Amino acid sequence: MPKRGDVLVLSEGEREGQIIAPGDLPVGGPPVRAWPKDPKTSVVRNGSRLNEIVVVRLDPGDLDDATRSRSADGIVAYSAICAHAACPVTEWVKAAQGDKTVLKCPCHNSEYDPRSSAQVVFGPAPRSLAALPLAIEGGSLTVAGAFVGKLGGAQLG
Amino acid sequence: MSRMQLLLSGFVAFTCLVSTSAGAGPIENYSPVTSQRLENPEPGNWMLYRRTYDGQGYSPLDQINTTNVKDLTPVWTFATGVIEGHEAPPIVNNGVMFVATPMGQVIALNAKTGDEYWRYKRQLPADLFQLHPTNRGVGLWQDKLYLATTDDHVVALDAKTGKVVWDAKVQDYRKGQYLTLMPLIVDGKVIVGGSGGEFGVRGYVAAFDANDGKELWRTFTIPGEGEPGHDTWKGDDWKNGGGSAWMTGTYDKDTKTIYWGVGNAAPWPGELHPGDNLYTSSVLALDPGTGKIKAYHQYHQNDSWDWDEVDAPMLVDLQRDGRTFKSLIHPGRDAIFWVLERKSDSIDYVAGWPFVSNDVWKGIEPSTGRPIVDPAHKPVVGKRVEFCPSLWGGKDWPSAAYSQKTKLVYVPANENFCGGFAGEKVALKPGELWLGTKVEDIGLKVRPGADHYGELQAWDPATGKKVWQYDFPKSQLFGSVTTTAGDLVLVGGTNDRYFRAFDAKSGKLLWQQKTNSGIMGMPMSYEVDGTQYIAIQSGWGVDAQRIQDALATNNIGIEANVPQGGVIWVFALKK
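Read top to bottom, the protein sequences are chains A and B. Taking our numbering, the leading residue of the first sequence gets 1, the next gets one more, and so forth. Taking our numbering, the leading residue of the second sequence gets 1001, the next gets one more, and so forth.
The set of hints was computed from the structure by calculation and includes no laboratory data. Among the hints, a few may not be true.
Below are the DSSO-like pairs computed for lysine-lysine, each with C-alpha atoms no more than 30 angstroms apart in a straight line [said to hold, decoys possible]:
#1 Lys1465(B) / Lys150(A)
#2 Lys1239(B) / Lys1378(B)
#3 Lys1405(B) / Lys1383(B)
#4 Lys1505(B) / Lys150(A)
#5 Lys100(A) / Lys1445(B)
#6 Lys94(A) / Lys1445(B)
#7 Lys94(A) / Lys1383(B)
#8 Lys94(A) / Lys1169(B)
#9 Lys3(A) / Lys1466(B)
#10 Lys100(A) / Lys1438(B)
Covered, in the sense of this in silico footprint (three residues per stretch, anywhere, with C-beta under 8 angstroms from a C-beta of chain B), are these stretches of chain A [to be verified]:
#11 22 to 32
#12 46 to 52
#13 55 to 66
Sample of chain B residues at the chain A side, in silico, Cβ under 8 angstroms [said to hold, decoys possible]:
#14 Met1103
#15 Phe1129
#16 Glu1440
#17 Arg1447
As the structure is a prediction and not an experimental result, all values here were calculated from the model. No residue lacks a Cβ here, since even glycine has one placed at the ideal position from N, Cα and C.
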């Protein structure tokens, strides 16, 4: 699990493994996928796919209060694992309903609004994505606390 | 790890994996299932995926028929408590019903009253990536049931109590290997085929001992080095070449031969795996004792369209061209209605014709049955290519049915859909989607001016003539078809939530019932104490919903909103 003080590194692409700096993220997206990394031991916490997160920078004025309190300079982070069937939430597209750009799981089309705690705005997902509080310390993007909310896909009751 | 930790972790794993809630069970006087009963099932029972090993999906019951089906009415319902695609036929053995649902759940019910005996609820891992959150049913043998799970286990349950008897790991779900099919039970063997064609797996069919879960054989659908057919692949492409085998096979009890459908090649664009790519998009003839491949037929070569041919062919004694022969009938995802002849050491092409419009095939080579591809509609890397029908094909996995009375094949087809994508070469990461295109790039378009999408078709396989067709103007048709000796054709599959009965001879709509959700499950029929029942699960999800979302995006006046949540419906004639 991500821990307070962890830095974030890209989990895919040509720069996989490199630390994400706030300036790397354009306002309004697109998001990047990331792993938490312990800066002391240099261990990338990628032992479980439940640790993967999606990070996107938005206009701070667009964030609701709860989301803004977990954000750093408009940057927000959520679990990358869909709350429906645990597929990775990889798309950044115009919502099925309305004009906002949203996070979307391509497997079964659940959509989440990152401006308001990644609440479900479309599709079969039963709950929002878990949120990961962020901070900027010494110019670096870091984890400010544990996940808020439940990780993983839906379970039988 | 200390001994105590080991004991504790074992205990935790056990309690997490096994959860059975008790209803009114255990079941008393349960009828053990034998080879003889599976080979010649009593008319009132439905113990195999399509009721009989030949895969025809035909019930010999005729109390409910064309003259009285207007009086069909619900007698009981039961909520499954889960969303997503409810695809399994309720399985009935002498008055006891077993229903498999998404999320690895099995519900045992009194088939007459709807009272619960027990429920098994599998606790699936939190990190399980369920691309297809569904299940297609439980297999039966003696006093046990067999469930194949999306976390890639085969689980044996005590039919009377729902308690786990054994639990065998098949492969690793973390690598995108999973199971959704109803196991095929042949002579004490539990036979399954793996899913994962979108994760770059190498497909297989495997058999387990029904008594103890010991693996007896495993036959890969893609030949390894030194095996016949390996030379239809280049380099290491075969190692991750797809060929998943995620639907239940059919079985010829006379020749002791299993016929098993094999899925698409991976990744999707054929340019990334040059060659014919045996045995993807094929049917395999297997020896159930050893898993040895006796024969095969490849429907189309170098698959590039995600056209799985996993739906196993129906076994029909067919009179055609002045002779009677043992046929295999397969309305393909590749939009071709295939008629093949099964022999002891070969599967021969007899006839093939398109059953929906397509722009991919220019024809079929008459001597071999190889379809001739139009390269303009074959996906490649670096350029968007459009093709018809869509990647869901002319008919996806939902089953067609054959009536022994009308001698017709009833096909849940989709017309006027096209698709397309731009191929791209990406490195395989185990456990992640590996399509060879961006997911968001996959399209479903409707043909301009299309006046309908779903088609229920009735074909005469003896002549290749279409006898009737029923069109659905505002919906796809995405549900299995069952037919009965009462000359009924039963199907759900539409976004308006209806379950319907048609006249098997004329195609006339005779009865319909609006249900809780859309139906993508398999209708079945059974009898208890002299009363015939018809049962279906209503619970929309997976690809029926994906098509629905795409139709809504096409802005043709169709809403994406089909309510989800499963309910078992049981009908009988009003008394």
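Hint-by-hint comparison with the structure:
1. With a C-alpha separation of about 56 angstroms, the suggested pairing of lysine 1465(B) with lysine 150(A) is violated against the 30 angstroms cut-off.
2. Straight-line distance between C-alpha atoms of lysine 1239(B) and lysine 1378(B) comes to about 23 angstroms, which keeps the hinted pair within the 30 angstroms bound.
3. For the hint pairing lysine 1405(B) with lysine 1383(B), the CA-to-CA distance comes to about 49 angstroms; that exceeds 30 angstroms, so the pair is violated.
4. A distance of roughly 54 angstroms separates the Cα atoms of lysine 1505(B) and lysine 150(A); the hinted pair therefore is violated under the 30 angstroms criterion.
5. Taking the CA atoms of lysine 100(A) and lysine 1445(B), the gap is near 24 angstroms; set against the 30 angstroms cutoff, the hint holds.
6. Taking the CA atoms of lysine 94(A) and lysine 1445(B), the gap is about 19 angstroms. The hint holds against a cut of 30 angstroms.
7. For the given pair, lysine 94(A) sits about 24 angstroms from lysine 1383(B) by alpha-carbon distance, which is consistent with the 30 angstroms threshold.
8. Our distance criterion of 30 angstroms between C-alpha atoms is broken by lysine 94(A) and lysine 1169(B), whose separation comes to about 41 angstroms.
9. A threshold of 30 angstroms between alpha carbons decides the hint, and for lysine 3(A) with lysine 1466(B) the separation of about 64 angstroms lies outside it, so the pair is violated.
10. Distance restraint check for lysine 100(A) and lysine 1438(B): the Cα-Cα separation of roughly 21 angstroms lies within the 30 angstroms cut-off, and the hinted pair is therefore satisfied.
11. Only when three residues or more bring their CB closer than 8 angstroms to a CB of chain B does the claim for the segment 22 to 32 of chain A stand; here the count is 0, and the claim is violated.
12. By the rule of at least three residues with a Cβ nearer than 8 angstroms to a Cβ of chain B, the coverage given for the segment 46 to 52 of chain A holds, with 3 such residues.
13. Only when three residues or more bring their CB closer than 8 angstroms to a CB of chain B does the claim for the segment 55 to 66 of chain A stand; here the count is 0, and the claim is violated.
14. Against a cut-off of 8 angstroms between C-beta atoms, the interface hint on methionine 1103(B) holds, since the closest Cβ of chain A lies about 5 angstroms away.
15. Hint status for phenylalanine 1129(B): holds, given a least beta-carbon distance of 5 angstroms to chain A, under 8 angstroms.
16. Satisfaction of the interface hint for glutamate 1440(B) is found here, the shortest Cβ-Cβ separation to chain A being roughly 5 angstroms, below the 8 angstroms cut-off.
17. A hinted interface residue such as arginine 1447(B) counts as satisfied when its beta carbon comes closer than 8 angstroms to some beta carbon of chain A; here the least separation is about 23 angstroms, so the hint is violated.
In summary, the structure is inconsistent with hints 1, 3, 4, 8, 9, 11, 13 and 17 from the numbered list given earlier, while agreeing with the others.
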